[in-house]
Amino acid sequence: MSRPALSTVASALYLAALYGFIFLPVAVLVLFSFQDGRFPIPPFEGPTLKWYAAVFADGKLVAALVNSLLVALISSAAACMLGFTAAYGLARHKLPAVELQRAIITAPLTVSYLIIGLGLLIAFNTLGMPRSLLTVGIGHAVINTPLCFAIIYSQLGAHQVNIERAARDLGANDWQVMTLVTAPMLAPAVLASYALSVTFSWDEFIIAFLLSRFDVTLPVEIWSLLRSGLNPKTNAVGSVVFLISIVVVLGLELAVFARTAKK
Amino acid sequence: MADLTPFEKHERRKAWAFVLPTIIWTLVFFVAPFALMLVISLWQRIGTQIVKTWNFDNYVNFFARAHVVEGLLNSLEITLIVTVISVMLAYPLAWIIAEKVPHRWQRLALILAILPFWTSYVVRSYAWLLVLAQNGVVNRTLMGLGVIDEPLALVATRSATVIGFVHFFVMLLTLTIYANLSQLSPNYRRAAADLGANPLQILIHVILPLTVPGIMVGAFLTFVLCIGDYITPQILGGNQELVLPQIIMLQIGRRADFPTASALSIILMLVVTAAYLLSARWLKLERA
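First to last, the sequence lines map onto chains A and B. Numbering-wise, the first sequence is residues 6 to 268 according to the working numbering. Numbering-wise, the second sequence is residues 321 to 608 according to the working numbering.
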């Protein structure tokens, strides 16, 4: 009986070590955002909220935070729409060259963000289109559309076809079938893909860095803060960014998976 | 095509109306920019002008410039080290969560294991900067324990880059490997146990071979994301030892040399494609 006990102890130790490694940077980040001193390094000199006050008093950071939210919410809505309509069209209708169409739509998933950003930067330069939040939003919609498409397409199973046919027999037109029948059935997948897009856009740096100019998003503003070295204010704004991502992800977890678990 | 009924033609037109906007969107904002990049990579930047020269000089020069080749080698080395370490750390974690943690706690254990995954690259790398700094937590702890007398120079080294990367990819791989492990039928394990295998033998001879596809998918994702990342090496690795994405960014930022940056990006993509072809027979990316 000593053998299972030993393996359980070893498992617990390994689990503790890895969780420690995974949470170490986040714990240090958040802890020293409350640092009552000039540097976010040990020793911890007691809690204060002054760095959070400094973040929200900083006009540039607040503007960047609002920009990030706008870009994330709007570009994800576009990505979700484009992903949903394409998934619906390809899963419900027989079209020629389906494989090719799927390959085109999902291609951006296989290319690194740096290269997508550089390609768009060159294209916008060539067109004479100035860099702005609009170009950042386009970049984020480019990376998130294939993600939304893949998630929604994988959930468009054959079992929903009969329900859609029934709706048609009862006199619903295509638009009504899609908006009143298919979309609600797919709500968990659509919501999941939207929330994922929002967090990816919210956290994305390199495309936003390449495609923005005067108005920037929060990760880009944090990037310029890094030049001034270690600073508890950077900890505070980093903690805010992390907190917002976690709220979105846990909200999704509770909204979608709690519901699917009940079924 | 010609024998479609009017109704079928009508249906097909509707289907195109659903699909075409997305196809056009992808062609305009992804395929066209990429084609433009291919074209520009054949041009030259001479002085401050972009000259339409149409030759492969940017690609040939790649191998002539030692620091660029070194950048590619650094990228490959760091990516391979990160991939191997991350798989070796993540596999036992995923296995313990799937096998040892009681079933109703597994979902929570998994969510916790990947929670810091949801921080942005920039914030996560900054957090590691804090941990590894000269007076940071790691150095203070080691000195407090008397392990070292002088603080270790951890920041602005390859080790810092590797640690930052491993942290991210352990979370990613734990997710993909757990997904794979939890899909395995318990009958495999029961059958092996009935035949007299102990838990370690079951893990090595039964579970591990069955999860190779999951490991390969995760390892490929790690490779792609790691070799294309600019942020982690820039923040944690510093400027001592550049990787390819850092060299690409230098061409854009400091020199506005888009032809060279494009050529380097295409070489980076070719490396990823080669990795895909090498691992393709283990990768099964199918519709669920």
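Misleading hints may appear alongside valid ones.
Stated by the list, open to error - Coverage of chain B stretches by chain A, computed from C-beta distances (three or more under 8 Å per stretch; other residues unrestricted): (1) 475-482; (2) 576-584.
Claimed, not checked - With a cut-off of at most 30 Å between alpha-carbon atoms, the simulated DSS-like pairs for lysine-lysine come out as follows: (3) Lys55(A) with Lys65(A); (4) Lys238(A) with Lys55(A); (5) Lys65(A) with Lys238(A); (6) Lys372(B) with Lys99(A); (7) Lys99(A) with Lys329(B).
Bear in mind the hints are in silico, worked out from the structure with no lab data behind them. Since the structure is predicted, the reported quantities are computational estimates derived from the model, not experimental observations. We treat Cβ as the ideally placed atom computed from N, Cα and C, and that holds for glycine.
Here is how each hint holds up against the structure:
no., hint, verdict
1, 475-482, "violated (count 0)"
2, 576-584, "holds (count 3)"
3, Lys55(A) with Lys65(A), "holds, 17 Å"
4, Lys238(A) with Lys55(A), "holds, 9 Å"
5, Lys65(A) with Lys238(A), "holds, 13 Å"
6, Lys372(B) with Lys99(A), "violated, 44 Å"
7, Lys99(A) with Lys329(B), "holds, 11 Å"
Hint check: violations occur at hints 1, 6; the rest are consistent with the structure.
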